[in-house]
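Combine both chains into one complex, guided by the hints.
So the sequences go chain by chain: A and B. In terms of my numbering, the first sequence opens at residue 1 and continues consecutively. In terms of my numbering, the second sequence opens at residue 1 and continues consecutively.
Read the hints as simulated data drawn from the structure, not as lab findings. Beta carbons: idealized from backbone N, C-alpha and C, even for Gly. Not one of these hints is a red herring.
Example chain B residues on the side facing chain A (calculated, C-beta under 10 Å, incomplete):
#1 HIS50
#2 GLU117
#3 VAL179
What follows is the residue order along each chain.
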Amino acid sequence: MVNHRLVTTIAAKEVRGLASEKTIILAMLLQLFIAMFSSFLMVGLSAMYDPSVYGRISGVQYGIGFAGNDTILFDLFSRDPSFVPYRMDPGVALGALKERQLAAVVWPSETLPDDEDPVTVTLYTISNDIQSTVIEVKIKDILLGYEKLLRETRKERLDFSPVTVTPSRPVAQNSFYEFIYGLLIPMLLFMPAVISAGLVIDLITEEYQEQTIDTLRSTPATLEDIVCGKILACILIIPVQVALWLVLLTINGIRIASLVEILLHVVFTSTVLILIAATIAVYYRDRTKAQFIFSTAVIIVLLLILALPSNPVNLIVLLAVGGAPLYHWAVIAASLAGCAILVILVRNVIRRVEYS
Amino acid sequence: MGALSQLLTIATWEIRRFKGNMTRDLLPVAVVLLILLVSVSGFIAQKGIHIQDGMYRIGVDNPVYMDIIGGDPRYVVYSLPSDISDIRSLGLDLAIRAGSLLRTNGDKGAAAQKSFERDYQAYQDHIYRQQTDLFAAYPVWIKSEYIVSELDFLATQSGQHLAAPRQAYLTPPEPENIVTDAIPPSRISQAEMEDLRIQLEEEAARGSDQLGRYTDLLSQQEALGELKIPSMLSPPLPFDTIIFIFVFIFPLYFTSQFFMMSIMDERTLRQGEALIASPVSPLILVLGKMLPYACGMILIAAAILFTVNADIMAILPLVPVILFFLSFALFIGMVSRSYKELSFISIFFSTIATSYLFFPSIFANVHIVSLLSPVTLVVHVLDGTGYTPADYVYSTALFYLTSLVLFGICIRNFHEEQLFTEKGLFETLALYLGALVSTRYWYLSLILISVMTIPFVFMAQMMYLVLFFNLPMPFSLILIMVLAAMTEELVKAAGFIGLISHRYPPLTWKVVIFSSILIGLGFLLGEKLLLFITLSQIADSIFGAALFLSIGLLWIPFLLHAGTAFCTGAILKIRGKNALPVGIAIATIVHTLYNLYMLRGWVW
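If we strip away everything but chain B, and leave its shape as in the complex, we get (with noise of 0.2 Å):
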């Protein structure tokens, strides 16, 4: 009782800390540059964006292909003299002459072709719909199905394909299991006919209207029925759900900063001194100063769900979103010694949490690694697909859980000894580490800070894959594994910092040896455990085996875990605690060196 009344004191203080910085010289402001932002938006919304306006230049022979052309700001049209037969010498990208359309050579001019044959697939879209015949226009309807095919990790060694094979036989396969209810496509009838012909216009006004689709987008539109035409058969464009991001992600992350300003004013010139001084627990202090803060994100989020008329179910992801920011926010709000060192590194942060959020969304509805990212979810609740309470732990786990650590950390170290700190980054970050080993029980702390950086190795480890994963082979498995190993070293050396910052115990062989098996231990512990709650998916791919090879035998892993720390010690021992990046180059070495021969077989 005590403490959630002194928790609610604390957000209170907060609150009232917040509206006296908002309310005066600002509120009027505010409101004045809100107004302009509408104005503007209504303002571009009708003159559009004009970023790409001239882009390619175009020369017509005859006015009639102003129709195909039309509005589109990209090109600046010239008429084409009719001798002409260079048209490199006028600067011309394209040429239509007598019904054919010439390019320049190079990159532009096929860029410029490429733009052309869009424009003028929705001009020959735009005339075959309005035929009062649209099954002779449109001849060909498709209906895609999709088959759910199950793979696990022991697939390829039962002689199961991991894809189709890349060869294929003169003769037909021959299945072991026969599907007995296939049902034959079924027919379209002309009643039909108007049903389609709204649908495509539906479809077209989407595509033309760059703005009109993103507002659909999120508006839930039933999008386009199960019957699709051919050239409307494509995978969804990339860069749709970067609107996502923007909409949800980033009023997120800006309300997240409030809480980094609160936290790094309590430094500047020691003013939460009285506030550390108070009989309240650090616990009770950051989350009172948090709440508000969380809950403004909250209602926010919301808010936009509102907006935009979507499933208030769209909210449960974006939770441990709003988690990871703040935790991100209190961490980098403790560590910064000034402005500027907080501005960048929440930069930073915000651009690699970003491409984590926005990177793997973009294969939404196309591939498993999507639902590495909570937009994701964000993305099927607005479409309608929903999701399963499995994919709600697989996407958000690693959110949760780097949040909930980096809360402990933080909150752990929230004191004044490292609070008003004037030290470096690195310097400030092997302090917090030291806070968390414990002097009588040192080796359990060890094995503790193993376990606990095992969700920032698989979030890192995930950015890997998601990065590379679609680079040609075996270039793409080499990187990851590299990549992968130097994570994990750099994590691991995170407990020796630790030992060293904290003094105690003194860094003999002995303890060297100790620790690095009491590493290895906690690394496979945490390991293993977090790959039993959600990692099962992404195991199953050639590039899971890649990242977590260990998951066979249990005592080779661990060999390889504690050696690879005891290269670093060795390193540390010897050669003092700048020799570090040398330390963990050896061990990522090593460690590469092993990946490589367990993945000797499909290498090579």
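Okay, chain A solo, but in the shape it has when bound (with noise of 0.2 Å):
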């Protein structure tokens, strides 16, 4: 049995390294840096794709050339405020386009809209330039209009419809919710799990390379002791990181459901990672030769974890979304079942080498 003493004495002895180092705070540094990062992202991105965001913002009105004869398409522009169409020769609109003079140039082919061929739009807007693709998302939904008119027109020559589903209101705005929740806040809270099972190889190859374990070996610390203490360490700076995490992501205003529950996920599946980089580095006594094993059996622990359904990625995603299967708790205790092998197995683990 391990003394808890002793292994409480090692935990402590090395958060207090890792603060003195001052290496957690550059971790936490790196979350801050992170966490900014994504939400300017957020703000960037949903002012580049959704034009109602960066339409709020400037009130801007565009000039769009329109060459050509149609009128259907002219009144669409000339009906949406952030439009002013111009009716004009193509090569005098194609001209105050490169000036800058102009947002856009549309030019529609002299088909009828029941020919039986399409109707051709050629579109010219400004290559490599930001604003471009902030007009072009506003074109695209005057087009679609277009389409819809037309289709309408045709409608006899179809052969059958599609269902018709007609949302009762609109959705105001491209919001990013889905990419939030479902993608960035698993990643960013597995994020401490990785830095911790990569922390412990590097805690316990470090006693070996610097040859410092044979002094901690003459205390009367077993090397269970020791790399239980180890283990502790990184385990308790988990919830730490995660906590930063939540903090920082609800100043960012994404508010996340079922807080506890999420942490017990985060740190148990922690765990479970920690212990086998645990064992991997007992076992290898080397940080290269450990770190290259376990960033690759990482990888696939993590990518089977990925493709099992009701994973504890998924359950924190639900949980955090606040919609998760009462089932959650079960998977909980699968991951304590998992870490209580794992906790047999490094045991073993240190004993061989102990004796050997």
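As structure tokens, this is what we get:
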């Protein structure tokens, strides 16, 4: 059995070491950086991909050069408050576009609405320009409306029609809800797990490679105590880092339901990773080898977990959006069982190493 | 000749060391893991990734709607009782009742509706694609043409617009030049219908199958033809390029870790002492140790390109990335005191480097900023566009320069005293800077240190540009300005730190003033040189103006740089080393005020 006092002493020493070497602070700075990045990226991307956001900020009105004689499309453009179409000669319009006096030039073909052939529209925009992207998104909406009108005119020629579902109210904007809750949150919450697992390898192999393990072993602490202390230290910093994430996300205006359950899932899944890492580290006693084997192993384990339905990552997503099935407790229990099996494995490896 | 054979000897030793590390107990396990990895990848390709399963709940009153939702695992489907009015009470996010889609209030309901609309669009397209008369289902086809509009920095002064005017006038604009060769839109004939149908099918398959889309992306599948239907007229998904990062950048980064460990191993227990004591110059030592890893990384990159059938030209943009990783690996391996410090610094570095590589490239095909990342060039090679030599210089110059400078600093410090120091990161850095100062020609060293820091400053500033350039104005401009000023002041302090760390000449007032002038001079010199080589394109935009204000008159920016350097130096002189942050803060404020004054016409 392990000596609890010794284990906690070692764990406390490692945590202190992390704080004094400022490495943990570096890790937290990194979190801050990523959080900043993702929040700014959100603002940037939503401005780019959702014209309504952009339009609200700037209240812009774009001039559009309109060539050709089509009237339906021209009307659609004039009805949109963000565009002012001008009927222009194509050459003049393109010249104006080149001098950036227009935002885009639209030139539909002279095809009748109920023609056999489709209408072709040439859309000229300025290349390599962020504004063009925004304009293109806005023009897309108008062209979709145009397509719908023409489709209606030609509906007799369709063989069969899709089931219709009409939204009772439109969605205002393209939120990044799915990206945030379905990808970002689980990814961020598992980052501390991977960091801690890498850390336990460093802490264990360091003692061997700096040859300090012999000094440590001359104390009453057994190898098992030492390794357990290090594992404990790595597990202890996980809630701290996860809590920091949750705070940062909340500051970013992302509300997360069921915090406690999420924390439990993250801690137990991380413990599995940390125990795997510790086993590898004790076995190889060399950082390069252990890190190499562990990084490959961790990819395998994570892929395997993700391929299973109702995996902890999926459950964290469901918990965060506030609608997890009750059996997530069973998955926590399964993670715990996994930890128990790994604890036995780690102890066996330690015993083998200790007496070889 | 002697140097070359020394180099090869060191490289051979390194390979032997690596082999000794890797075989015996590691190889069998690695092989097993590799087999496991392949089988797990196969498994996941079959089963799919289950992250968002069951995120939304939808109620339907008719099983016919299952055609729309189909196999989308994000939805848990409930059948709706006929007499229900409040869908929230059932815990649903969406409900379809008699052909009308209802949603609950809030973000989740909106997101659920958005996802449903995407599914509905896919379903609708699926039905429309099967119509005999495709042109009745898709009556509008669009051809996008891009007009190149060159802008130079003087554009605003000559009255030209940087962007299309934000308020349109009632009368159409009258351009100075008229384009004469405009071609009217060509009609599509019935004969082309089947080709277009196949094109739509391919596009749909690309959209629905995530993994398939990525493999297509890599295997140079002919993307959309020239003609698109309106719903396809959207900018490409920004998260596609992340796959390139995974495929190209991570293996390279991973290999550089071995180099980092090799350097670190020389330092643990002073194992490398014999090597350093040998009559081989540090340059040969470092290059020799690095050579096997550099070759390995190039081979890996070539192998990946070969497997995805890409043009081998795509390797050229990856070369500076390889050098960049190796130089940072060398630096981190040399400064870390312990394994955990090594891990944390390298994780920190890799995240920032990956963001730097990734974030600009999501704007590939959209904006000139995307070219900041060499990965964009890889994307261009893969999608068949290719790149020009100018593009190459533009996007890789900073990577080459920063790696070279870092190699220089590290090789200069590859000595016993610096390698086996037990000092912290910042003190080690100060020590390294101190080693760069020559006792006799310390003034020249100061200029050199300032010139050297320029690529790093530019890289940081590029990062700010990428981060903030699409925030609303003037917020973005001010933020970029403050951060840019802070970075410049931070690196200008490097000269003073070097002086203090070198302990000669002592920091008298005369030295402070003289150094400020030298640092300002060096900084300006480096800035102009680098601007000259690369960044004319960025400098065109107003953001460029915010970053590199000092393009016009030379003596004003010189006074600014020397003056702010003096602020830092004076604080260091009065309050000592620990007051450095205060000095930098004051210098930043002065610098920002100057920038604000210069930009006053744009900001307000």
